[in-house]
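A.B. asks: Since chain A is already given, all that's left is putting chain B on it; use the hints.
There are 2 protein chains.
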Amino acid sequence: MPAFRTSIHARSLGAATVLTLVARAAQASTDPHGVDLLPILEGLVLILVGAKLGGALFARIGQSPVLGELLAGVLIGNLGLVGFHAFDGLRQDQGLEILAQIGVLFLLFEVGLHSNVQQMLAVGASSMIVAVLGVIAPMVLGYFCSAWFFPAHHVLTHWFVGATLCATSVGITARVLADLDRTTSTEGRIILGAAVIDDVLGLIVLAVVSGIIAAENAGRAFEPMQGLWILLKAVGFLVGAIVIGQWLAKGVFKAAGRLGSQGVLLGVALVLCFSMALLAGKVGLAPIVGAFAAGLILDEAHYQDLRARDKKRRDLAELLEPISAFLVPVFFVLMGMRVDLSVFGNVGVLGFAAVLTVAAVAGKQVCALGVLERGTDRFAVGLGMIPRGEVGLIFAGIGATLHIAGERVVDDAVFSAVVVMIALTTFMTPPLLVWRMGRTKPAG
Amino acid sequence: MPAFRTSIHARSLGAATVLTLVARAAQASTDPHGVDLLPILEGLVLILVGAKLGGALFARIGQSPVLGELLAGVLIGNLGLVGFHAFDGLRQDQGLEILAQIGVLFLLFEVGLHSNVQQMLAVGASSMIVAVLGVIAPMVLGYFCSAWFFPAHHVLTHWFVGATLCATSVGITARVLADLDRTTSTEGRIILGAAVIDDVLGLIVLAVVSGIIAAENAGRAFEPMQGLWILLKAVGFLVGAIVIGQWLAKGVFKAAGRLGSQGVLLGVALVLCFSMALLAGKVGLAPIVGAFAAGLILDEAHYQDLRARDKKRRDLAELLEPISAFLVPVFFVLMGMRVDLSVFGNVGVLGFAAVLTVAAVAGKQVCALGVLERGTDRFAVGLGMIPRGEVGLIFAGIGATLHIAGERVVDDAVFSAVVVMIALTTFMTPPLLVWRMGRTKPAG
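As given, the protein sequences belong to chains A and B, one line each in that order. Residue numbers for the first sequence follow my numbering, beginning at 10 and rising by one. Residue numbers for the second sequence follow my numbering, beginning at 10 and rising by one.
Note that these hints are calculated values from the structure, not bench results. Each residue gets a CB set at the ideal place from its N, CA and C atoms; glycine is no exception.
A short, non-exhaustive set of chain A residues, derived as facing chain B with CB atoms under 8 angstroms: (1) V44; (2) E51; (3) L57; (4) V58; (5) A65; (6) I107; (7) F283; (8) L328.
Just chain A, with the same shape it has in the complex:
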């Protein structure tokens, strides 16, 4: 509570200042703790209207609603290009960002709920091969693209550019699979499993490439133990989550059953989801990996007792649906809002961006070779692995701070090209997946 006191410390005030204070206090009537809710509400209204209109429009023309949400976001986020700047601040609004991040946790938690550990392990070998191929191939292709466009650059910078192409951003694919009701198809499970492994591999690639560059600069050999430690923590989390998590979830639901009040089922599920997302984040993985794992280990059998006590016998999927309907579009519209169309006006980088995008797409098509199950649509798996997201951006951002032989590892042109590549791969995936998976019968 003292936070509010220290925020105002004028000594003596004139009438004008008092009226400003009154106006401020009026605005702040919900806000003695430094949060201004009004811009967030403004953003939510715009986002929800855009999401519903865009989603409905694209659903009507047989596309995934997520494409409509993304494009509504692009529209809202780029009104500045036609001179309308009232919404410019929303792109970077921290409140909306938090809601978006929580929204994507709910998406992956729900996707995880539809599947279970056994189903995922059944395609585990394929997921592993798909993930490994999907890291190696784009990395090699990215290396050659960079070497072709920038022959004067250091060889390690080429590898760094390759590294920005590695990590699949699973949010888009998970959402399209959910919209198509195909999360539990063989293709869907292989893609989701590969995306989890991908996140682990991405961490390692980043550690190794950055470590080699740092060692090179310091004139000494690379110390591989750091990469190994990161790997151990991440794998430890995943194995621990599956082995201990399943056993723990059963116990927690049993204990929670004794609480005997309404709403316990949703409460326990939220706690499991958030705590596993937190743990994943603590070991360096994306929190969405933790949320997905939480969904996987939760089994309807665990919570039959609690469900029976709900006055409408709702299962978790039903309870989570309204929360997702509120928060998931925030993630995708905000993602669209962050696409800065002016980058596409930078003709100088478009050539490299185009080549990088082709490398990004082609590299993930190699994944199709890793699918072991007969009768599976390998092409769909390759398409589902296409989207790149914030991890690529983080790689590029770190590359922008690294120097080798006096030259920046990722310069402005390369950074812009990565931004364009991320936008293009994000937007092409929903229509490609709908085209490929939408017409075949769900294999369940």
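C.D. replies: Only chain B this time, still in chain A's reference frame:
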């Protein structure tokens, strides 16, 4: 997207720095836009566990679950007193604050949904008298308390102390009424209507008292137009919301019906709730007043078509329930966390705090006289008006910045006493209301 680039601008980096960057990037894997999700997840886990345990415990002993949530918050928020400081940062976490603020919007929106404009207007005269009495009586009592304890202070400081006692904080009462299923009882409607009017009156009191102090300091007469303008905006919003809002809601639902996709009902309701909360905030009222008004004007008749299209024919109350179950406890646990128990150790202020609390409680009991409806439990109305909240804190905070005749209008001792008064009135209301309203039959 460039935000991330500018956040790292080291020129050349050693191996140690690179590893720090890698670790940071790993932590930030969801976070190229400056939000660290992990503390928020940690807070959510603690809050939800505390809320469920505290709520279930208090429900079992026949109390309102909200009291358990508040006390769980006090426990979490004051672990620092026994030397455990790991959670100290959560009290001021902006992410949790945003979720809490959105949570209380959902609470008031739901409460509004249970009622409608006609039902509220039916008790409008009582609500108005209750609100006016509930502002005047505590203000006069507060004046005398201050004059008794601090005879040397300027007369205007006494009025300012009185003003901090005016505004009812409707969140607690709304929640207890909802828990008791009594939101639509005559008593419930009178209290909720009075709380809305109270918010308007509070704004005016603040403007007038601060304006008079500023005028006194400047040696000129107070200009009442400012207060009038604030009043006009607020009343204009409420009348406009009810008249235009009802007509608009019908049209919006009709138009939305043409969208023809799933999830439209919830989407439209959220947009209405958030836009009216935004408008309320823009005219200086609390956003929860807007959310409540949005709930009032929404009538089940408006959305029968949309509901019929839902695969489970869920109404809005059912769709909103899981969202509230997630977000509403965040508000109340965080409110508990912000109670700084160490203030109670400050023996010097406890005397004044006790007198102020008695004045706050006694002042609102006068409200009972304003109830016109026969057969209504007047005492319950008075009890429901007891809680003071953040508005009182805002008043006190502004008073702390104002000076009159060289003396601070609200000094540290008075500020601490206000904090104690808010905590006590917040905690005493749930058991008092449960005692008074819990045993009588719902009249709703």
